[in-house]
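In order, the protein sequences belong to chains A and B. Using the working numbering, the letters of the first sequence correspond one by one to residues 55 to 509. Using the working numbering, the letters of the second sequence correspond one by one to residues 125 to 229.
Among the hints, erroneous ones may be present.
[To be verified] The list that follows gives simulated cross-link-like pairs (lysine to any residue, SDA-like), each with its CA atoms no further than 25 Å apart: (1) A/109 / B/222; (2) B/131 / A/94; (3) A/109 / B/226; (4) B/194 / A/406; (5) B/145 / A/111; (6) B/194 / A/88; (7) A/109 / B/146; (8) B/131 / A/138; (9) A/109 / B/225; (10) B/158 / A/88; (11) B/194 / A/111; (12) B/145 / A/104; (13) A/221 / A/406; (14) B/131 / A/137; (15) B/145 / A/103; (16) B/130 / A/131; (17) B/194 / A/77; (18) B/194 / A/94; (19) A/76 / B/191; (20) B/130 / A/127; (21) A/109 / B/135.
No lab work stands behind these hints: they were computed from the structure.
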Amino acid sequence: MDQGHALRTSIKGIYQGGSMDKREFIERLKQSLSVLQEDELRDILDEYEQHIDMKVESGLTESEAIADFGSLPELTAEILEAYHVRADYAARQDGRERYEPGGGSSALQKDKKGGKDILKNGTAICKHACIALGKGIRKGGLWLAAFLLWLWRQVKKPFIWFWNMGKKAFGALKSRREREEERLSETPISPSASDPIEQITYSELDSISALDSTLELDSTSAPEASSALETLSASESSSAPESMSAPESVSAPTYAASLEIKSKTRSAAGSVARPATEPATKQATRPATEPATKQATRPATEPATKQAVRPAAKPASRSPRRTSSRTSFSGAFRHMVKSVGRGITRMVTMGIGAALWCIRMAWNACCIGGSLLIAVCGLFFLYGLGVCLILLKEGYPMTGVTLGCFGLVLCAFSATGFGFSLLWRRRSTEKPCLAAGADPVKDTDELEKEDKPYA
Amino acid sequence: MNAQFKKGVLELIVLESVRQKDMYGYELVEEVSKVVDVNEGTIYPLLKRLTNEHYFETYLRESTEGPPRKYYHVTAAGILYRDQLEKEWVELSEKVSRFLKEQKA
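Take these sequences, add in the hints, and give me the full structure.
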């Protein structure tokens with residue numbers, strides 16, 4: 055038995071390439087098992103060291119004790135198998151080839167081939183990814199543009215509604231003012247202390263005649279006045295001397311016609327709206343620019359004129375007197391109502407303007423705030439994109455995440471640009487509106503300026 | 125003995141040995157060597173594997189002859205595993221014996 059053990063030990067020693075002591079064996083075993091954790095390695099080495107010591111205590115030498123363990127590579131492989139570690143991996147860690155002959159070179163060739171395949175596949179993947187990315191960007195851009203267009207229309211609707219409402223309100227106000235102006239221009243000028251008829255010159259007769267066509271003459275006074283004028287013209291033409299018949303520049307028929315028109319005008323004005331503070335006879339017998347020579351001859355014709363005109367003028371002059379107090383009271387009341395209405399209208403206008411201003415400010419704040427928030431998110435996505443690119447370069451499978459980050463960056467910055475472009479577009483669209491005079495603020499200012507003469 | 129045979133039954137022998145009483149490595153190697161001629165170096169990786177699979181647990185005990193020794197103690201899972209291995213071994217050995225007897229007959 056002892057001889058057989060000695061023989062076996064010697065054979066094992068020859069197989070291992072010579073005997074070695076405990077320290078050398080432990081050192082080589084440690085190198086072979088370097089893939090294991092430090093505490094596990096220490097545990098195993100202690101076990102084998104203790105086993106060798108016990109063998110030595112039993113009378114064997116270190117070499118004989120070590121030879122009983124068998125081949126060191128086989129021992130290493132068994133130990134690593136117990137830890138579920140591939141033995142060839144440990145051998146490669148030691149800088150050796152695999153245990154199988156030619157295995158290392160084949161593994162190297164496989165690695166090189168695999169590297170080439172990876173490079174080829176990576177290029178193809180990048181190519182496809184670029185094409186897909188381009189298509190995606192194009193399609194995404196179209197979708198984004200369509201969405202932004204739709205969003206712009208949706209956002210624009212309430213503003214257009216508000217704009218139309220304001221325009222309608224200001225238009226109504228403006229038309230009312232125009233109506234008022236037209237009405238005021240149609241009504242005669244308020245009476246002054248002196249008779250305005252005296253201020254009418256012959257050159258204004260044309261305008262008076264034009265005004266005459268619009269006025270309705272009193273049916274009763276018109277024939278009487280015409281008959282009186284006929285009498286007057288007859289007496290003037292028969293009794294007046296040549297020097298006193300008519301002004302030098304005006305012929306007799308023309309003068310008679312003017313007198314006729316003036317009498318018509320006076321009677322009509324007195325009956326329509328003229329507050330007659332003077333008697334109708336005075337109106338009939340006072341030509342404004344009548345020459346002094348003519349005035350001297352007038353007493354001759356005055357009785358006839360008075361007889362002719364008075365019955366017609368008196369009824370016309372009494373009714374304006376009675377209505378003057380009523381019209382002044384109603385005018386004051388109307389003026390007060392108008393003032394109150396104007397005030398209310400101005401307040402409503404200012405309210406609408408303030409509301410529009412608030413809406414515009416809120417819209418701009420939303421645009422700016424939202425754009426800045428999305429821009430910050432875009433910066434975060436950009437940072438993530440950079441990290442993903444670095445990891446992708448290092449070989450991590452981050453292609454999908456990187457593309458996702460790229461898309462998010464594009465979306466975020468596009469949304470930011472869109473938000474600021476909305477703000478810019480609003481400002482640009484205000485100018486033409488201002489030029490057209492449709493801005494409610496400007497309208498208010500204009501109205502205030504227009505209101506000043508009424509104040 | 126064939127190495128594959130030895131490798132197959134080695135777990136059963138080690139489990140049964142430790143089930144009888146707690147042992148340290150060298151003692152166990154000596155005990156197993158009485159049954160099968162086995163490479164001593166292979167016992168330690170087997171002990172490590174069975175410990176990692178929670179069939180054994182270890183503890184240190186002081187020794188008068190040297191440094192503290194690591195003892196192996198079989199767990200309940202180890203006992204169940206040992207019974208299963210014994211059953212399989214018995215079935216296999218019976219079948220092989222029966223087959224061999226039939227072939228001889």
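Hint-by-hint comparison with the structure:
1. A/109 / B/222: Answer violated: residue 109 of chain A to residue 222 of chain B is near 42 Å, above 25 Å.
2. B/131 / A/94: 23 Å, holds
3. A/109 / B/226: Measuring from Cα to Cα gives roughly 46 Å; hence the hint is violated.
4. B/194 / A/406: Outside the cut-off at roughly 94 Å; violated.
5. B/145 / A/111: 24 Å, holds
6. B/194 / A/88: 22 Å, holds
7. A/109 / B/146: Judged against 25 Å, a Cα distance of about 20 Å means the pair holds.
8. B/131 / A/138: 17 Å, holds
9. A/109 / B/225: 43 Å, violated
10. B/158 / A/88: Outside the cut-off at roughly 33 Å; violated.
11. B/194 / A/111: 18 Å, holds
12. B/145 / A/104: 20 Å, holds
13. A/221 / A/406: 11 Å, holds
14. B/131 / A/137: 17 Å, holds
15. B/145 / A/103: 23 Å, holds
16. B/130 / A/131: 17 Å, holds
17. B/194 / A/77: 21 Å, holds
18. B/194 / A/94: Status holds; Cα separation ~14 Å.
19. A/76 / B/191: 17 Å, holds
20. B/130 / A/127: Within the cut-off at roughly 19 Å; holds.
21. A/109 / B/135: 23 Å, holds
When each numbered hint is compared with the structure, violations occur for hints 1, 3, 4, 9, 10.
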